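Undergrad: The primary structure of each chain is shown beneath.
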Amino acid sequence: METSASSEPAANGTQVVRKSDVEVEVTRTFDAPAHLVFEAWTTAELFKRWWVPKSFGLNLLSCEMDVQVGGQYRLVFPHEGSTMEFFGTYLEVVPNTRLVWTNDEGEAGVTITTVTFEETEGKTQVVMHDLYPTKEAVNFGSTNAMPETFSQLDELLDSLR
Amino acid sequence: MTLTGMGKHIRVLEQAGLVITEKIGRVRTCKLGQRKLEEEAAWIEAYRQLWAARYDELDNVLEELKQKEYANGNVSEQ
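Those protein sequence lines, which keep their order, are chains A and B.
This note's numbering puts the first residue of the first sequence at 5, with every later residue one more than the last.
This note's numbering puts the first residue of the second sequence at 43, with every later residue one more than the last.
Fair warning: there could be bad hints in the mix.
[Said to hold, decoys possible] Listed next, with one range per pair, are the computed distances between beta-carbon atoms:
1) A:Thr124 <-> B:Tyr112: 19 to 29 Å
2) B:Thr44 <-> A:Leu65: 12 to 22 Å
3) B:Glu82 <-> A:Lys127: 26 to 36 Å
Think of the hints as simulated: they come from the structure by calculation, not from any bench.
Since the model is a prediction, treat every value here as computed from it, not as a measurement.
Just so it is clear, CB atoms sit at the ideal spot from N, CA and C, and this is done for glycine as well.
Just chain A, with the same shape it has in the complex:
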């Protein structure tokens, strides 16, 4: 009983590795060709369906993505009676292969996200790499995190210190 609940989340193969003090990498393989995975990452209508999982009970207020080098994106979430925004600029856009963008909302500086898509026999390995400006920004930054989830987790951790 003890082990079943903790091993369950690992079943879908999402791996998270802290590559260094300022880098975190998430790896997962999908049963779909790279052009479809890339489409799901670069089409606002599709992106907003999975970026905010239903289980979080939260809806994106808006999601705008101008996926080209120099183009902007902006995600708006409801947060504690107000809104919270995540925004930045696409630095590299290589169709079906690679996406790089900045996360400009962080107070501690800019985090760079690099996503690579590698197709092998119809399956696609996605590696998402976050490079944070400082070690502190890794632990307390909200980049790529659900505001509700992580602000509550931060509060929880703070209250336990």
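Position chain B against the provided structure of chain A, taking the given hints into account.
TA: What follows is chain B alone, placed relative to chain A:
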């Protein structure tokens, strides 16, 4: 996130040995591992859960896209 969701997170952290919880009456208190390493492991586990949830949802989106492409006669420019 709901209280139930939070409870689920805490149970996972507890099973991983990262937090210790104690129930007194109706109140359950949590204590975090004192060492930095444990805090980091807890953070990574929370981060992993977030991405696992996102990617489960992405699986559904991809399944739809595959069906659609198949229905359209699998016309691919790849």
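Undergrad: Which hints, by number, does the structure contradict?
TA: As far as the earlier hints go, not one is violated by this structure.
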